[in-house]
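A.B. asks: Since each chain comes alone in its own frame, lean on the hints to assemble the complex.
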Amino acid sequence: MSAVGAPPAPERPALDLNIAEKTFPGQGRHAVPVPVVRDLRLRVGARESVALVGPSGCGKTTTLGIVAGLDRAFTGTVQGPADGRLACVFQEPRLLPWRSLAQNVELVLPPARRGDGSARCWLERMGLGEAMARYPGQVSLGMQRRAALARAFVTEPSLLLLDEPFVSLDGPTARRLRRLLVETLAERPCAALLVTHDLREAITLADRVLILSPRPTCILAEIQVPGRREERTETDVERLRQDLLDRPEPAFRLIA
Amino acid sequence: MAPWHRTLLSIAGFLILWELAAHLAASPTLPGPGAVARVLTAETASGQLPYHLGVTLARVAASFALAMSIGTAIGLAMGRSRSLNGFLDPWLVLALNVPALVVIVLAYVWIGLTEAAAIAAVAINKIPNVVVQVREGARAADQGLLDMARTYRLSWLDTLRHVLLPQLQPYLLAAARNGLALIWKIVLVVELLGRGSGVGFKIHLFFQLFDVTGLLAYTLAFVAVAQLIELGLLSPMERHVGRWRTARP
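Chains R and C are the protein sequences, given in the same order. The numbers in our numbering rise by one with no breaks, and the one at position 9 of the first sequence is 9. The numbers in our numbering rise by one with no breaks, and the one at position 171 of the second sequence is 171.
Excised from the complex, chain C in its bound form (with noise of 0.2 Å):
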């Protein structure tokens, strides 16, 4: 068997287990997979789904390039000086304890209830995950490698951009994977407790009105996204960047 019947046939036994609760269930709060897929048809032709969807990814994707930028290069500064680590150590400690709802009620608190909170609250949350793994990827660099592009007088941005970053990338990888599914989850906690749009908005106003359809409806177009974002931007780039690996003499 093809792994992809393998896939064909997990979904399809997913949907029809799905179906057979519903069914037994037999109640307006476990709607089937039918009552599900009308409510998105619906949603999808007047425009709201994809309206909502579009707004938190604009919002994903500004959070994620904050967080991805800072975090890099904070990480790389903490991998490489080690009296730079020990001094930042407790500070990065303590931010990959506090709890994501207190950032986020800390950032409407002091900034407002405004985008630039929003999606500063969710880059916070992010940006001491993407610290973690690049300190780890920049203490494990090449040091014979590094010492090559020091005795060449290689400028800054020449050793980051040819030395550094490519021994980085398996980890900038990790990072941008944990990165997307922490990130997707913020953006809707952000956008329930403070925002009149996008899908954590329109989560919010399901859960008022006890509207399990609609919110199912919401979640599965969510995770379809995020899904084609893994297949159709992540692996590929992994494959281009991967390709020195693979090549055959």
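The following block holds chain R by itself, in its conformation from the complex (with noise of 0.2 Å):
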């Protein structure tokens, strides 16, 4: 007897997210809980990078946050990646300001694994490898943003989060950054789940773009990405942006 024919089990999605809603409890004294979100369900398979992208202050980093496990005040249910391996660039780096650059990746690691080079090893790859000793206010918000890389990737991440990681950087220095990111996810492949109100910036970086809704949220549409992200072209990118906003749906106009 074989096992011929007996079909892949079908692969468990690195985060399967459903929130009923989240509300935020309302100002006063008669206060009423305004809603931030209402009926978003996604999945992201393994491997996969998903963005979502809308306006600003329509509850985007409150659902990264409940992803996070950081807020758990909603109706809902968040499955996270099997091994629970999550990492998370937030929209600040958050790198201690009293610790180097290497203390700060190493602290992430479990203790067993602190010392074995992996940090240094990944603040190498993201080219910081001369301001390893630094603490964070000596190198520039662009470094900083690295290092806050290396240290998500340094966990060796099922799912990564981004919330907004390139936002207040001059545009090369973006561009790199978002290169670096989207190499460094084809070398070592998890899911993403990115945050950004920057359009073109999840064309660059995602395989699907969700568009959300102003307050309550929900997803208003999806995108798929055609093609590989690491040979997407800047011109590929700019043409899918264009035909985007071209689009009659009123969602396309929330974005543009």
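These are computed hints drawn from the structure, not numbers from a lab. Note that the structure is a prediction, hence the values are computed from the model and not measured. There may be inaccurate statements among the hints.
Derived contacts from chain C toward chain R, CB cut-off under 10 Å, selection only [said to hold, decoys possible]:
| # | residue |
| --- | --- |
| 1 | 37 |
| 2 | 150 |
| 3 | 154 |
| 4 | 167 |
For every residue, glycine included, the Cβ atom is placed at its ideal position computed from N, Cα and C.
C.D. replies: As structure tokens, this is what we get:
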């Protein structure tokens, strides 16, 4: 007897998210809770990269906080990767200012793996070989963001959360870092969920782009980006962006 | 004029003023600096002053360590948990307002005239102040960094050591400074009331003999040691833990 013909078990997604409702407590004495997210369902396959794009203040960061497990006050379910390996790159780099870049990266490793050289290796890969011993306050914002990426990748995540990871960088620096992220994801693949307000960034980094509505947030439209991320050129990205902005649906007017 | 010149001038001015006052008073209850210095050297030579100063220092160190560690633990817990803070806050207000003397007398009555009672009494007097300062620091801690620690599943020990304590450092240092100043003074009262050694005991003795010269000699030695601890221990510590602030690109 052989097992020939048994179909492979469907791979469990890296993220299965179902937020029925998330509200913020209102202000004042007769406060009415404000709904922030409503009926948001999404799945991120293993090694898939999904971008959430929406107007500012629409609850993107709130959604990411729920996925990261920082916020449990919502109705619905969230199921992360089976091995629980989750890393996050925050809107601000969130490095410890009183620890060197090397110490910052080393710290997120389990104690047994500290000092095994992987922190150093990832910092070098991010182009920070020279700056390892520096404090975050001594390096540029771009370098801090690189260190935050090194810190995320050193944990060998199955799901990488990115919250506006390249915001407030100048254009060329942001472009360089986006390319670095795409290359790194190609070499060390993992699922990624990216939150951004920049459609160009979303198309560059994602396989699938979800357009979110203003509060209460839900998904308005879904776009499958053709081709492999690492083969996409800036012209491809620009063409798809123009194409999306020209579409008649109101969803695309929100992000223009 | 260099700052240390000014300090020197200031000390000299104080000594001159003191000498002048002693000269005008011409009374054994106000001895001049010379007389005090003579007693200071005599007491040092006889070993009396180093012994009693050492005993007091040991008590200060023990109650300081006790008050800082217990106070930091409670302050951190109260600063991070709203419900715990709500529950413990009335106790804190009570503890802050019980006079030091009452705590000392109660400790001696309940525990007995022992070393443990003396050290406990001093620590209990100081703990509420440490709690208030550390709680303030814990409340001001950066939530973003704590969220980072949570997403990366840092152990509570790592979170404490690398994320929370560095943020608490200015508050801890302020608590340590105020703490030393307060503990010095309370230790003397504890010694005066129920111990057979230490600077406080000696001052009690001098008071009974109306020996102001001896009293001033011990006081000066005491102040000098307190200042040495500030200069030799607290200030270098502050510079060491704050070096990331001053590091230049």
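A.B. asks: Which of the stated hints cannot be reconciled with the structure, identified by number in ascending sequence?
C.D. replies: 1
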